[in-house]
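**Student:** Sequence:
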Amino acid sequence: MSTEILSQDIVSIMLLLAEGDINMTLTELFKCIEEYEERNNCHFGISRGDFIFSIQVFMMWELHLSDVLHHEQNIKLKEIIPDVLRFHSACFKDTEDYWLKEDVFNKRESLYFTHYTEKEYETKIILKNLIKEFFHYSETIHTSKESVIKFLIDNNITIKILEDCSRPGENN
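Under the working numbering, the first residue of the sequence shown carries the number -7, and numbering increases by one thereafter.
In short, the hints are calculated from the structure, not lab data.
Careful, some of the hints might be misleading.
Restricting the straight-line Cα-Cα distance to at most 35 Å, the calculated cross-link-like pairs of lysine-lysine (DSBU-like) are [unchecked claim]: (1) K137 to K116; (2) K152 to K23; (3) K137 to K124; (4) K116 to K23; (5) K23 to K70; (6) K111 to K70; (7) K23 to K68; (8) K85 to K70; (9) K68 to K124; (10) K120 to K85; (11) K70 to K93; (12) K120 to K68.
Construct the complete structure from the given sequences, taking the supplied hints into account.
**Tutor:** Right, here's the structure in full:
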């Protein structure tokens, strides 16, 4: 079994579950993710915990942080968003989770594993560019929770993405 979540969807999931609070620590965000999965009997990835594990793997391998549990308490969501957006997606397989760089992804495979139509996929590419632009400017100015929520609303980033990117839990 395999699935893939586009990096722009990962960022959208994190922003929605953080309720726009980009100053939320990863520890706090992970708690929000766990609560959402539990409350909705679902998971992002193949099984519960995959999404958080993929972010931890990302921090270890891409951000070169060896003591992930220590860093989760200190790293804010806004600090990892630009790095996450450098990738195409996170891939979840029975045997491993990994991040796929932009230059090595296969569009046909990505459409299959993300379950998006060609048109939906193209819309996701536009969304990724909008998110990159928003967070590029937020590095130089103070970005409030309200401005992030406005960005989410203006770009139709809604709880639908949580439903689209999650799978039913064991009780469904």
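**Student:** Does each hint fit the structure? Answer for all of them.
**Tutor:** Tested hints:
no.: 1; hint: K137 to K116; result: 23 Å, holds
no.: 2; hint: K152 to K23; result: 20 Å, holds
no.: 3; hint: K137 to K124; result: 17 Å, holds
no.: 4; hint: K116 to K23; result: 27 Å, holds
no.: 5; hint: K23 to K70; result: 17 Å, holds
no.: 6; hint: K111 to K70; result: 29 Å, holds
no.: 7; hint: K23 to K68; result: 14 Å, holds
no.: 8; hint: K85 to K70; result: 27 Å, holds
no.: 9; hint: K68 to K124; result: 17 Å, holds
no.: 10; hint: K120 to K85; result: 24 Å, holds
no.: 11; hint: K70 to K93; result: 20 Å, holds
no.: 12; hint: K120 to K68; result: 20 Å, holds
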